[in-house]
Amino acid sequence: MRDIISSLDFSKEDFLTIFSLADEVEKGKKLKLQEEKVVATAFFEPSTRTHLSFTTAALKLGAKTIGFSSTEGISEAKGENFADTIRMLENYSDCIIIRHKFDGAAKFASEISNKPIINAGDGKHEHPTQTLIDIYTVYKSFGSPDNLTYGILGDLKYARTVNSLLRGLTRFKPRFVYLISPEPLKARKEILSELNYPYKEIDSPSEVISEIDVLYVTRIQKERFPDEMEYEKVKESYTVDENLVNQMKKDSIILHPLPRVNEIDRRIDSKPQAKYFYQASLGVPIRMSLLYKILSGEW
Amino acid sequence: MKNGLIVSKIKNGTVIDHIPAGRALAVLNILGIKGNEGNRVALVMNVESSKIGKKDIVKIEERELNQREVELIALIAPSATINIIRNYEVVEKRKLNLPEKIEGILKCPNPACITNNDVEARSRFIVISKSPLVLKCDYCETTLTEDEVLRQILL
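Protein chains in written order, with the UniProt record's numbering: chain A, 1 to 299; chain B, 1 to 155.
What the hints contain is simulated information worked out from the structure, not anything from laboratory work. Since we're looking at a predicted model, the values are computed, not measured. A virtual CB, placed ideally from N, CA and C, is assigned to each residue, including glycine. Hints should not be assumed to be uniformly reliable.
[Claimed, not checked] Simulated crosslink set (DSSO-like; lysine-lysine; CA at most 30 Å straight-line): (1) B:Lys107 with A:Lys101; (2) A:Lys101 with B:Lys101; (3) A:Lys250 with A:Lys293; (4) B:Lys136 with A:Lys101; (5) B:Lys54 with A:Lys200; (6) B:Lys9 with B:Lys93; (7) B:Lys54 with B:Lys9.
[As the list claims (entries may be wrong)] Between beta-carbon pairs, the in silico distance windows are: (8) A:Arg260 with B:Lys95: 55 to 65 Å; (9) B:Pro132 with A:Glu298: 38 to 48 Å; (10) B:Pro132 with A:Lys30: 32 to 42 Å; (11) B:Lys34 with A:Asp84: 34 to 44 Å.
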């Protein structure tokens, strides 16, 4: 039994094992669980992509799914607390996938439940399965996440996908990572203190854009800001437009964990560098591989 | 008076010595001593110490400390020593050791941390550095500095 709370819960070997299995699934391998399993999706915070891709992945493995995708239909809306909801789901399922608005909710759930917990996003903290998808997209595009220059652009303070990606990259050998954000959205110091690869914090992508192999763009998420005024000051502080993309290498890629708002101009979608929809399409094979490892007892 | 006896010996109770200068009031706060409990309490501040330069001392008659109180004192005064006195003699000397985890004592400063939003989720901090003191919330990973710890304890 294994909980997935942080991308640091994966070793390099774990990443490569999942990538290899996902690759086989993409090539047509039928991945099926030997025993009937039930997967609970406990999405206390709205989600479309992550919820649907986990559900699809579970169904494709032959598992049944139960759960909810907002708190409106569950007893929490009647006052039942989070811990009791997890206890209930633990009784009904073999694995619980949690999304929650509070930081640390998945870890807390893992202390309550004896069934594996998968963190599908907890507040502004982590989103480790998105990192599997992000690094897998890089792996598919370049053959390896190593020796590449990354530019991570946007809200590096409140974006949980950034925390998980920065940590996930510690398992590999990036050539260089540029952390590009306006001053109020700089990455958290406690995350930066863990990084084992060269990085630099800058405030504009223009000077380094021609060096970058992987440009990872994040959305500014209004719901994560403790203060609405702070959000208003930075909400449109960066946009990836045609002018910027024209300065990028021809074989570079642009990723985004989606959904996007205005941070990527829609005219970029047709450019060869735009890989964010391809990235989203890899969610199901990656999550199938992860669920398979956990539910079959291999992890 | 460099090394003179500022206050007299106590018969039974606890002497907390080698408190970093200026933190005796925080120690009293941790122990919940407001002055109306009836125990005789002696407080000495900013006296010379060969070990730590300047120190504070707290003497409390008829009271021995529990584990939680000892852990809290370790957070803000790791150099302190606790002497248990019975019949004017030191019967036990306790050196403070900061535990690796601090549970249920401090509050996570992140309002969106699960520990501030669920009655069952008890706060837990991992000690990242003892000097200067840096703690990290085991759930949301927000860090807590020595100043913030002091502020919480003094509130």
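Straight-line alpha-carbon gap lysine 54 of chain B to lysine 200 of chain A, limit 30 Å: violated (42 Å)
Lysine 34 of chain B versus aspartate 84 of chain A beta-carbon gap, inside 34 to 44 Å or not: holds (38 Å)
Pairwise hint evaluation, lysine 101 of chain B against lysine 101 of chain A, where the allowed Cα distance is 30 Å at most: Holds: lysine 101 of chain A and lysine 101 of chain B sit about 25 Å apart, inside 30 Å.
Given pair status - lysine 293 of chain A, lysine 250 of chain A, alpha carbons within 30 Å: violated (36 Å)
Given hint lysine 101 of chain A paired with lysine 107 of chain B - CA-CA distance at most 30 Å: holds (19 Å)
Given hint lysine 93 of chain B paired with lysine 9 of chain B - CA-CA distance at most 30 Å: Cα-Cα ~16 Å, so holds.
Outcome for the supplied range 38 to 48 Å, where the beta carbon pair is proline 132 of chain B and glutamate 298 of chain A: Since the Cβ atoms of proline 132 of chain B and glutamate 298 of chain A sit about 44 Å apart, the hinted range of 38 to 48 Å holds.
Pair hint lysine 136 of chain B and lysine 101 of chain A, alpha-carbon separation not exceeding 30 Å: Holds. Lysine 136 of chain B to lysine 101 of chain A sits at ~20 Å (cutoff 30 Å).
C-beta pair arginine 260 of chain A, lysine 95 of chain B: status relative to the range 55 to 65 Å that was hinted: holds (57 Å)
Proline 132 of chain B versus lysine 30 of chain A beta-carbon gap, inside 32 to 42 Å or not: violated (56 Å)
Agreement of lysine 54 of chain B and lysine 9 of chain B with the hint, judged by alpha carbon distance not exceeding 30 Å: holds (20 Å)
Of the numbered hints stated above, those contradicted by the structure are hints 3, 5 and 10, listed in ascending order.
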